[in-house]
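A.B. asks: Protein sequences, first through last, are from chains U and B.
Using our numbering, read the first sequence as starting at 1 and increasing by one per residue.
Using our numbering, read the second sequence as starting at 1001 and increasing by one per residue.
Calculated from the structure, these hints are not laboratory results.
Each hint should be verified, as a subset may be incorrect.
[As the list claims (entries may be wrong)] DMTMM-like cross-link-like pairs, simulated, lysine to aspartate or glutamate; straight-line CA separation at most 20 Å: (1) B:K1301 x U:D274; (2) B:K1309 x U:E4; (3) U:K169 x B:D1272.
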Amino acid sequence: MRLEPRTERSLAVTAIAPVAALAVSLGVSALLVLAWGGIDLGKAVQALINGSLGSPFALAETLTRATPLIFTGLAAAVAFRAKFWNIGAEGQLYAGAMITIALGTGAVALPSYLLISVLVLASAAAGALLLLGPALLKARFGVDEVVTTLLLNFIVILFVGMMLEGPLKDPMGLGWPQSEPVTGEAELPKLWKGLRLHAGFLIACGLAVAIWIMGRFSVLGFEIRALGHNLRAARFAGVPVTATVVKLALISGGVAGIAGFSEVAGLKGNLTQDLSPGFGYTGIVVAMLAYLHPLGVILAGIFVAGIFVGADAMSRTVGVSNYIADVMVATSLLCMLVAMFFSRYRIRRG
Amino acid sequence: MEFIEPLLMGTFWAATVRIATPLILGTLGELVCERAGVLNLGIEGIMTLGAVIGWVTVYLGGDLWLGVLMAALFGAMAGLVHGVFTVQLGLSQHVSGIGLTLLATSVSYYFYRLLLPGVSSPPTIEAFAEYPIPGLSAIPLVGPALFNQTPMTYLAFILTGLVAFILYKTPLGLAVRTVGENPAAVEAQGLSVSGLRMGAVAFGSAIMAIGGAFLTMSTFNAFFFNMVNGRGWICIALVVFGSWRPGKVVLGAIIFAGIDAYQLRLQQFLPDIPYQIFLMSPYVISILALIVMSRRAEYPKALMVPYRKGER
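If we strip away everything but chain B, and leave its shape as in the complex, we get (with noise of 0.2 Å):
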């Protein structure tokens, strides 16, 4: 009965949703860049990149909304070098990408050593904090879960209905989603493919950033090394578990994030067991997910593809 009571708690379904915001931000902007045919393997970068500018924002005395746009620009930016490599250039999406991500990672752990040399315990800001929603939050269960969290878990629920609103009622959508499928009939159109491709990008790079402020912004209030700690990686099997469609991403991410936020529970009642086997299962269920989904797993077919006029 025990292993069923944190079931039963509003502060069980709020944490699953508080774990599950980085993912959803993460994946979706993952989905953007790959629905345009572009794998992002930058995603674990970028993410750190995104907590850390985020967080110097507003460490420096800026806003908290202005931590979250220049966490978003620097992530854009970080998805234009990746687009340069990957679309404008051809080059291996696999490298480039792990390239980014190292580039984009040590980057910023230099750059916050080159803010703060020397200090010990990370300095901390005055993160978000929740915004019940009034009215809704005092419904049991679904109000703490889904009306009583910081106003970035909001703009994730946001950016979900306006990336899957884009995706499939507007002619952009539409672009982007074929130049994914065949660039060749995009080109037909008259349309750009290194344009939709590098916006997808550089827009879905915005948001693996956001994602990753979310970490330093709401999850907590400072900045470690190696927090993001393969969140990156779980966001790429997780697109492929909800298989390119954004809804589907953001069940999956909170599925994933209420056995996450389970086994945390589950550490209490069951000490004798390591606690490392908890702290793996959310990588050993995302091998799971991907080994299970793949079988029938329908790629975007241009996917890793590069495309050059002309060529076939």
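For reference, chain U alone in the conformation it holds in the complex (with noise of 0.2 Å):
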């Protein structure tokens, strides 16, 4: 037996990919569930399903839950076009969040429409600022992006909880650590009444949209390609290399950034260090099961979505722990880079 390259890309195993590599990954969580002991399976996938995608009101909360894995799955589908490895989101998120909170409980007066833009901007701003860092180190000195990003995560994180115990800490908080609510104006509408679903979706689909445009119809978007094909020929084909790594670092730590603004805004209304379950990893898995296509973002992150939010309703219903949601999450990465593999490869025998 050996591998080899397929001639021509087969649309139907693109398509039959994913879908498989979802089947063995839900077909490995439910041994899991089942090792659990005492639980009909039976009841714990309805319980799944209903809890994700069963009434309006489940419905919106697994949209409220896809919100921020969008924004962290486009982040790290522009970078990992250009096998720049930003696995710094979940960083980013946090220093969007800090900037939000910083202007928008009462320090910048605007109309509310007005506000939410500076907010918006100024949360892409930092979330960038914190990638260029490393994205400059990386062009310039070679420095492992992978281990600086994860390491800044730590950093801000512990960043976060020291401005919660200091100049953002809320002084109404009764001693806990979370800073104030932002004001009134600055908070996204929601999209319902009452549901918790808010203005963020949108605009994490807008951006998609935006970003699958920029991909494939302006220069930067061909040259962040070519640097993920191969980084030598784009360099002797003339593509400034320093200045696309930078300016794909300036719109992968934005959008994460955005993720912040967007949780806070529209969802928790005042940052505590709990934030984010780690929606910064998680959008790693939407941006793979997307084939790092940003529509396909969309799409993947309300699915990943549906896993946490069903996982949440399963747990309450038969008692399973949560924590399936993340192994499921995780082995579905794992068959999905399988499934793209034969996706690229067929088995040959002899």
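Need the complex rebuilt from these two chains, each delivered in its own frame; the hints are there to steer you.
C.D. replies: Right, here's the structure in full:
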């Protein structure tokens, strides 16, 4: 047996691959649920589906959870296209959230639509600035961006803790490490009365479309793809490597920063140290499930959010630990990797 | 003067080596993988897996050394998963590694909850105790630092020697080093590139897992969520810092741990500075070390380059 590159990409295999990957990962997760013991698998699956899709309320919860994942998924997709491994979306998200609190709790008085625009730009700038360091270090000195972005996550989260016990502490917070809530003008409107789904979802989808258009029709999009395909060839062809890495880092970090704004101004209202349960890391899975395609990120984000929201419901109904959601998401990433491989290679006998 | 005082105390140096031990093991494991040409970002998850497996084995009545062995075994299995993805299929080592970290971490947490649903305060085990080496442990400073540790720390030093010996003094080591530099040359010798790489990744991952197990079986006697807390990522920086050499890597881990132990003591002298500043210091130092060393780092030439027979 040997592996042979496919001469042409088959659309059928490309489309079936993610489905097969998901089927395998669901199978693995089902085994783990059964290992919990005393659980009716049918009831568990029903709880999962009902909890994520079964009612308008459940669907809205899924889309609400998908919102930060679309942002962080886009952040990963843009960067990974150029083989720039930004694993720091978690920190960039918190940077965006911090600047949202700093400006949105009364420091800047503007009409709502203007204030929200300012906050979007500010949070994007904060996330982008945080990634600028690793990007420059990578482009100028060849410092591995995986380690720098990962370690920055820990530094930023500690910094958030420091701010929440210092300058950003809510004086009315009864000593809890939390910030003041943002003012009414800074809040993102809800999309539907009585549901938590907010305008951040629309911003995320809009960004996905914008990034898709940029990737497809702009010179920068071409340069980013060229970097990902072959660095030396790109340099030879006259692609300005450093400038391109910096630009794509600004986009990637910026998108992740807006995730922080969206979570604070759309959902939570204030900043705490547990604003993100690893949205930055899950975004990587979302991006991979979407083949790094910006529009696919929307679908993948909703899918992964559905797993998390559904698993919470399953956890409440049948008592299985909701860490099962993390297992499902991780296995679907690994299965997806294999599936992507078989969309590019085939097994030949002999 | 009071700032220098801790440096003159045996307890400080003992703490330094204790903090260094999981880093030594993790870094050593990562070094073995990278020397063979495979970046293993699964390290953070594999250390978590080792921490849970080692602890659970003892909790269920197993012997402490059986716990270490089980941790190593599960670590090796996780390493083989990474190996299949990156060596056999030649997939992105970055994405596969991150995926493995997510998987190993979540499976570990799920497994822990499976075993102990709804326990609020983590149950404890009888962990490894310090084992003073007669005579040597009485030497001032050096004694408490190196010869009054738990057996797992001694194991870490033994493994360092073993890895250095294998890498530099045996044909196997030569083959592993070559496979990370020039796999085609190894192939030309009639050796299996994928076999060597799979073996190195499995062996390296086993050592990482022991590093994780140290946390639950020597430092603490219980398992906490998020207890690995970025140590795996720090190990990856330390490998670069130690320029892929076992001796330098251990030295790097000890220097790093010394700074970490010192900042813990410094916190008491400087209560006005927010404690988070001190907690940040290990991560900041890792980044700085990486920047300084990266400029003249000589990566194994075939690191992150998948090898397929007959393909150039």
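A.B. asks: Hint by hint, note whether the structure agrees.
C.D. replies: Hint by hint, here is what the structure shows:
no. : hint             : in the structure
1   : B:K1301 x U:D274 : 41 Å, violated
2   : B:K1309 x U:E4   : 11 Å, holds
3   : U:K169 x B:D1272 : 17 Å, holds
When each numbered hint is compared with the structure, a violation occurs for hint 1 only.
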